[in-house]
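**Q** Residue numbers (the numbering used here), protein chains in the order written: chain A, 1 to 115; chain B, 1001 to 1115; chain C, 2001 to 2115; chain D, 3001 to 3115.
Calculated directly from the structure, the hints in this document are not laboratory data. Treat the hints with care, since some could be wrong.
Straight-line C-alpha distance at most 25 angstroms; calculated DSS-like pairs for lysine-lysine [as the list claims (entries may be wrong)]:
#  : chain 1 : residue 1 : chain 2 : residue 2
1  : D       : Lys3006   : B       : Lys1041
2  : A       : Lys39     : D       : Lys3092
3  : A       : Lys92     : A       : Lys107
4  : D       : Lys3068   : B       : Lys1039
5  : D       : Lys3039   : D       : Lys3006
6  : D       : Lys3107   : B       : Lys1068
7  : B       : Lys1107   : D       : Lys3092
8  : D       : Lys3083   : D       : Lys3107
9  : D       : Lys3092   : C       : Lys2006
10 : C       : Lys2039   : B       : Lys1041
11 : D       : Lys3041   : B       : Lys1006
12 : A       : Lys92     : D       : Lys3039
13 : A       : Lys83     : A       : Lys107
In case you want the letters, here they are:
There are 4 protein chains.
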Amino acid sequence: MRTISKEMQACIDACLSCYQMCFGMAMSHCLEQGGAHVKPKHFRAMIACAEMCRDSAHMMLMDWTQAKSLCALCAEACETCAKECEALPDMKDCVDECRRCADACRKMSGQKMAA
Amino acid sequence: MRTISKEMQACIDACLSCYQMCFGMAMSHCLEQGGAHVKPKHFRAMIACAEMCRDSAHMMLMDWTQAKSLCALCAEACETCAKECEALPDMKDCVDECRRCADACRKMSGQKMAA
Amino acid sequence: MRTISKEMQACIDACLSCYQMCFGMAMSHCLEQGGAHVKPKHFRAMIACAEMCRDSAHMMLMDWTQAKSLCALCAEACETCAKECEALPDMKDCVDECRRCADACRKMSGQKMAA
Amino acid sequence: MRTISKEMQACIDACLSCYQMCFGMAMSHCLEQGGAHVKPKHFRAMIACAEMCRDSAHMMLMDWTQAKSLCALCAEACETCAKECEALPDMKDCVDECRRCADACRKMSGQKMAA
């Protein structure tokens, strides 16, 4: 009965998966590791990415007209978080999740995929 | 690197799935159908269930000490929503999702499963 | 100790006030009234406005670099909601709150104020 | 037109004020200070308090039947955060906000006030 397109559902899935990874990692692994993992630039990028993913999924579930614009912002937040996590040796799962979500969000927003 | 137990991850999955079903159905199908689907008691049960599920997942992702107490409340909200949706002929997917999530939340909270 | 500017705090206040008005009115008054108050276009505009306001406040509290872009989207959601509410005789408080928040969000985003 | 009681509105105000303080302080001051301010126990208490406050306000805005139970949990989260913040010399604003919110939430939940 729900009329959300396959492409939009795939983007919702990617967003909720990335939200779980970034918020879960930040609040457990990063806080436990300390040091570079809780540097403001890194930690804020992770929380911001998690929240933008959660919010984008929410507006897509409503099929709201601004969902695509939100996805474009979300793709940027995911890229920022991926770059921050690449600088640390133990955040590869997070990097991969962020890149996947950035791709799904760019596709949803009508932008070209990353090369 | 994340240390969340299998049981807790299963409950997070059930909560995020039920959140998507209830919020998505409320904001599309129920609003489009109108009538009994937007009666305050029914519609509020759906939104409350969606939000309790989203919040419970969030606190489990933090592995916060109160997550089990929240899951106990979430199980109640899911049961209330399931009962509301059973009274309508076209909400079976939502009923099933709510029952599944109520079971997962009861299990997580340490309560006995529904008979 | 918090370093948020006066202008940004004013926008956070406007967003959290508009969120309360729109979400509170939608989930009580609009559902109780029924009829035009639960037409999909009207009701979705109210919930979308409430959520965009809540999310924008959240990203401003983090002083996240994308907060201004979110505020620009939030201003649009507030205007859409204000227009929907103007068409009903009993939603003046909501119209006023949405216009105030749209102005604050436009100011924050660097856009010109509405004429 | 909204029918929320004065007491409930006071609790919503306390919750949204405490949410702003705890989330804003955590994501700026605590991350910038580092050291004891980003110890897992302290930082998680602040984020958990912020989220419980935000969620409790949301369910009160819906006047949902479980709002009082959520407020009881929220009061506990506020007390935990207040105790954590008391151990640091520069978090007095946060301690005061958490105590105020804990009192408002206990009152709303029907529990006796703290002595």
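**Q** Now, for every hint given, state plainly whether the structure supports it.
**A** Here is how each hint holds up against the structure:
Restraint check: the Cα-Cα separation between Lys3006 of chain D and Lys1041 of chain B comes to about 23 angstroms, which is no more than 25 angstroms; the hinted pair holds. With a C-alpha separation of about 23 angstroms, the suggested pairing of Lys39 of chain A with Lys3092 of chain D holds against the 25 angstroms cut-off. A threshold of 25 angstroms between alpha carbons decides the hint, and for Lys92 of chain A with Lys107 of chain A the separation of about 23 angstroms falls inside it, so the pair holds. Our distance criterion of 25 angstroms between C-alpha atoms is met by Lys3068 of chain D and Lys1039 of chain B, whose separation comes to about 23 angstroms.
With a CA separation close to 38 angstroms, the supplied pair Lys3039 of chain D and Lys3006 of chain D exceeds the 25 angstroms bound. Between the alpha carbons of Lys3107 of chain D and Lys1068 of chain B the distance comes to roughly 23 angstroms, so the proposed pair stays at or under 25 angstroms and holds. With a C-alpha separation of about 39 angstroms, the suggested pair Lys1107 of chain B and Lys3092 of chain D falls outside the 25 angstroms cut-off, and the hint is violated. Of the supplied pair hints, the one linking Lys3083 of chain D and Lys3107 of chain D holds, its CA atoms being roughly 20 angstroms apart against a limit of 25 angstroms.
Distance check on the hinted pair: Lys3092 of chain D and Lys2006 of chain C sit about 21 angstroms apart at the alpha-carbon level, within 25 angstroms; holds. With a C-alpha separation of about 17 angstroms, the suggested pair Lys2039 of chain C and Lys1041 of chain B falls inside the 25 angstroms cut-off, and the hint holds. Using a Cα cut-off of 25 angstroms, the hinted pair Lys3041 of chain D and Lys1006 of chain B holds, with the two alpha carbons roughly 23 angstroms apart. A hinted pair counts as satisfied when its Cα atoms are at most 25 angstroms apart, and Lys92 of chain A with Lys3039 of chain D qualifies at roughly 23 angstroms.
At most 25 angstroms may separate the alpha-carbon atoms for a hinted pair to count; Lys83 of chain A and Lys107 of chain A meet this at roughly 20 angstroms.
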